[in-house]
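S.K.: If you want the building blocks of each chain, they are given just below.
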Amino acid sequence: MVPACPPPIEAFVRFAALLREHGFAIAPDQTQGFIEAIELLGPRSIDDVARAGRALFAIPREREPAYDALFRAFFLGEAVVTPAPAPADDEVEAFDPTGASREIEAIDEAGDPGQAAVATERLAQRTFAARSTSDTLDRFMKRAPAALPRRRSYRRARVRRGRTLDLVATLRRAARHDGELIDVRWLRRKTRQRRVVVLIDVSGSMQQISEQALTFAHALVQVGDRVEVFTLGTRLSRITAGLRARDLDDALAQVAAIVADFDGGTRLGDALQAFLDVPRFGSTARGALALVVSDGLERGDPSVFVDAVRRLKRRAWQLHWLNPLAADPAYAPRTEAFSAVQRELDALGDGASLDAMCAHVLAQAGRP
Amino acid sequence: MAVRSSIVGLDSPAALQHAFVAAQYLADDGLATASFLALAMGKPLLLEGAPGVGKTEAAKALGAVLGREVIRLQCYEGIEASAALYEWNYPRQMLAIRQAGDSYVNLYSDDYLLTRPLLAALKAPTSSVLLIDEIDRSDHEFEAFLLEFLSDFTISIPETGTVRATQRPVVVLTSNRTRDLHEALRRRCVYHWIDYPHAALEAQIVMMRASSVAQATADAVVAAVTRLRAEPLAKPPGVAETVEWAEAATLLNAQGAAWPAAFARAIGVAIKDHDDLSYLAPRLEALLPGEAA
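Line by line, the protein sequences are chains A and B.
Position 109 of the first sequence, counting from 1, maps to 92 under this note's numbering, and the rest follow consecutively.
Position 283 of the second sequence, counting from 1, maps to 384 under this note's numbering, and the rest follow consecutively.
What the hints contain is simulated information worked out from the structure, not anything from laboratory work.
Here the structure is a predicted model, which is why all the values come from computation and not from measurement.
Check each hint, because a few of them may be wrong.
As the list claims (entries may be wrong) - Computed footprint of chain A on chain B, listed as stretches where at least three residues anywhere in the stretch have a Cβ under 8 Å from a Cβ of chain A:
#1 124 to 136
#2 141 to 149
#3 178 to 190
#4 241 to 254
As the list claims (entries may be wrong) - So the derived list for chain B, only partly shown, Cβ under 7 Å to chain A, looks like this:
#5 R280
#6 D281
#7 E284
#8 R287
#9 R288
#10 V291
#11 Y292
#12 H293
#13 W294
Stated by the list, open to error - Computed Cβ-Cβ distance ranges for the label pairs, DEER-style:
#14 A:E22 / B:Y380: 34 to 40 Å
#15 A:A8 / B:A151: 20 to 26 Å
#16 B:H283 / A:R141: 29 to 35 Å
#17 B:L334 / A:R135: 29 to 35 Å
#18 A:F57 / B:P333: 32 to 38 Å
#19 A:D166 / B:A201: 15 to 21 Å
#20 A:E22 / B:A201: 54 to 60 Å
#21 A:A152 / B:L334: 48 to 54 Å
#22 B:A331 / A:R135: 35 to 41 Å
#23 A:A56 / B:A331: 28 to 34 Å
#24 B:A123 / A:P11: 35 to 41 Å
#25 B:G110 / A:A152: 51 to 57 Å
#26 B:P333 / A:A56: 31 to 37 Å
#27 B:A301 / A:P312: 47 to 53 Å
Just so it is clear, CB atoms sit at the ideal spot from N, CA and C, and this is done for glycine as well.
When you get a sec, could you build the whole thing from the sequences and use the hints?
M.R.: Here's what the structure looks like:
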């Protein structure tokens, strides 16, 4: 039987549970560490308890205000100032055809501009006209494997010439020649293609381009290693499985069946947050080349959008934005949100056509 | 809970804060508390913050406070075990084979082992502070490997066996947050976000580091630097830049430059990016320190 906690300790355990309820990821051993830390500090004051929590729960900087509010509410009895839960219809859904679809609460304040987009939101399916592959695609699929960024692997391979001696293999050979070192063997770090995550905006303003973007993503999935593709709209859908079908038309038909929100409203910020918050989706961006195909016209809360892009940038290796509007050489972002986003990007590319998107990826060849 | 023997005399965050001052480092309450907890609980200390807020300095000051040598592992993209753990000294092994002739020689003894920071810290856990600097630059595989290292503090060398720390070493990790660290790693550490010091503290730091600077100059420079940090710069000035700016302006003033002009002429030590400078140029006068006696 589990012994009951003494009352003061129980309060700390309940505080950890409260944090968990509010979306802080806290492991049981962190709670234990938190209690130990309080004991070590005295505690001389309530500030010590707050600091112990911040240190042991590893509260990320941008969530400190939320943490402080919860702390004050719990220990000092102040009113909670965190935003109230959003109304039920104001949610971005994470949709994964391989599993049950999952709803993620979008923290929105009442009356935010996102409501306008939601009002016009309609879930729509799309049918694609059949067409044959073009020369651009053939060329792209041939060259893309060499152009996709690579990283050094932790493992080594035996090579003819290198800088690190493979002593085991060298000595084994030396033994054959009476201990004479004739044949020296070398090792070199292997390289591996970085993961690639493609996030395609399928909202109404992207209507003209979303089919080409999907064609581009299909080609990448076909030739690349560990490529993941998601669509962003009023929902977040993982379409990698659909795009694995060899034939483009089959793949697009499957995608059309998966994605239910073609040409709907734009809630980019919430969709990106949802992507980052679902661990099995969000972890695909870790160390990856993230390609976002979107015009960046956000009608939801701009601060949510900018914050989401910053998070994505920190998670990914590089963040490239393929913006159809950027095809114009005189392009300057029209919304304040996108100019803030632009500063976070590693590259802003032209996303106006299939050719432009393919060219952007091929241009990455030879870059670090 | 027994406080570790190594930190006798540092039995509260306040005592540690005091010791930091003696080591020429001004730590705020949050940092002192987090460092104290890391020491007392035997957990690694993870410091995150913008470049130039003094994360590495904090680790070095901790080494000075404890009277221990700081062993630093600088992380970079592509870092691997041979740079972090150990490497065999191949040239010496080759020579040994040659010299041994027909007799037996053990090529895998400590004589041929080059210790790298992590192994060095394991072998001397009571006399060193291990600083793993800028971990956000390393790859995920290396981060995963560190996670393993930080949980059991053992290194296994296939040729000779396992090296185990007799005591948990003091470990400080720093990150500039160019990318998010893995949750599991954060969970294992005592975490502290180092912010830019508040104005009064930063002025104190300037006075402590640069003895030639007058109080009024220090205050004026700190106020200006605070204004500059609010601008969207690529490289906002760090604490070291504040100190250097105050020092440089004082030097120019001693050679006859008038006050506001001395600050303007010394701007190169505070803003080190050409684009930033040209972005600020039109409004530079308003952003610069005002009158300083």
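S.K.: Now, for every hint given, state plainly whether the structure supports it.
M.R.: Here's how the hints hold up against the structure:
For the region 124 to 136 of chain B, the stated coverage by chain A is satisfied: 4 residues place a CB nearer than 8 Å to a CB of that chain, which reaches the threshold of 3. With 5 residues bearing a CB less than 8 Å from a CB of chain A, the region 141 to 149 of chain B meets the requirement of three and the coverage assertion stands. Restraint check on the region 178 to 190 of chain B versus chain A: 6 residues with Cβ-Cβ distances below 8 Å, three needed, restraint holds. A stretch counts as covered by a chain when three or more of its residues have a beta carbon under 8 Å from one of that chain; for the region 241 to 254 of chain B and chain A the count is 4, and the coverage holds.
Satisfaction of the interface hint for R280 (chain B) is found here, the shortest Cβ-Cβ separation to chain A being roughly 5 Å, below the 7 Å cut-off. At about 5 Å, the closest approach between the beta carbon of D281 (chain B) and any beta carbon in chain A falls short of 7 Å, and the interface hint on this residue holds. Given the 7 Å rule on beta carbons, the hint for E284 (chain B) holds: about 6 Å separates it from the nearest Cβ of chain A. For the restraint placing R287 (chain B) at the interface with chain A, the shortest Cβ-Cβ distance is roughly 4 Å, inside the 7 Å limit, so the hint holds.
The criterion of a C-beta within 7 Å of any C-beta in chain A is met by R288 (chain B), whose closest approach is roughly 5 Å, and the hint holds. For V291 (chain B), the suggested interface contact is upheld, since its CB lies about 5 Å from the closest CB of chain A, less than 7 Å. Annotation: interface hint on Y292 (chain B) holds; nearest CB of chain A at approximately 4 Å, less than 7 Å. A cut of 7 Å between beta carbons decides the hint on H293 (chain B): the least distance to chain A is about 6 Å, and the hint holds.
The beta carbon of W294 (chain B) comes within 5 Å of a beta carbon in chain A, closer than 7 Å, and the hint placing it at the interface holds. The given range of 34 to 40 Å is broken by E22 (chain A) and Y380 (chain B), whose C-beta atoms sit roughly 50 Å from each other. For A8 (chain A) and A151 (chain B), the Cβ-Cβ distance of about 24 Å falls inside the hinted range of 20 to 26 Å, so the restraint holds. Range check, H283 (chain B) to R141 (chain A): Cβ separation about 31 Å, and the 29 to 35 Å hint holds.
The hinted range of 29 to 35 Å is satisfied by L334 (chain B) and R135 (chain A), whose Cβ atoms lie roughly 32 Å apart. The hint said 32 to 38 Å for the Cβ distance between F57 (chain A) and P333 (chain B), and at roughly 36 Å that hint holds. Under the hint 15 to 21 Å, the C-beta atoms of D166 (chain A) and A201 (chain B), about 20 Å apart, fit the expected range. A hinted range of 54 to 60 Å for the beta carbons of E22 (chain A) and A201 (chain B) is consistent with their spacing of about 58 Å.
Against the hinted window of 48 to 54 Å, the Cβ-Cβ separation of A152 (chain A) and L334 (chain B) comes to about 52 Å, which satisfies the hint. For the pair A331 (chain B) and R135 (chain A), the beta carbons lie near 39 Å from each other, so the given range of 35 to 41 Å is met. Checked against the hint of 28 to 34 Å, the pair A56 (chain A) and A331 (chain B) passes, with Cβ atoms roughly 30 Å apart. Between A123 (chain B) and P11 (chain A) the C-beta distance comes to about 38 Å, which sits within the given range of 35 to 41 Å.
Separation of G110 (chain B) from A152 (chain A) is about 54 Å and conforms to the stated range, judged on CB atoms against 51 to 57 Å. Separation of P333 (chain B) from A56 (chain A) is about 34 Å and conforms to the stated range, judged on CB atoms against 31 to 37 Å. The hinted window of 47 to 53 Å between A301 (chain B) and P312 (chain A) holds, with their beta carbons roughly 49 Å apart.
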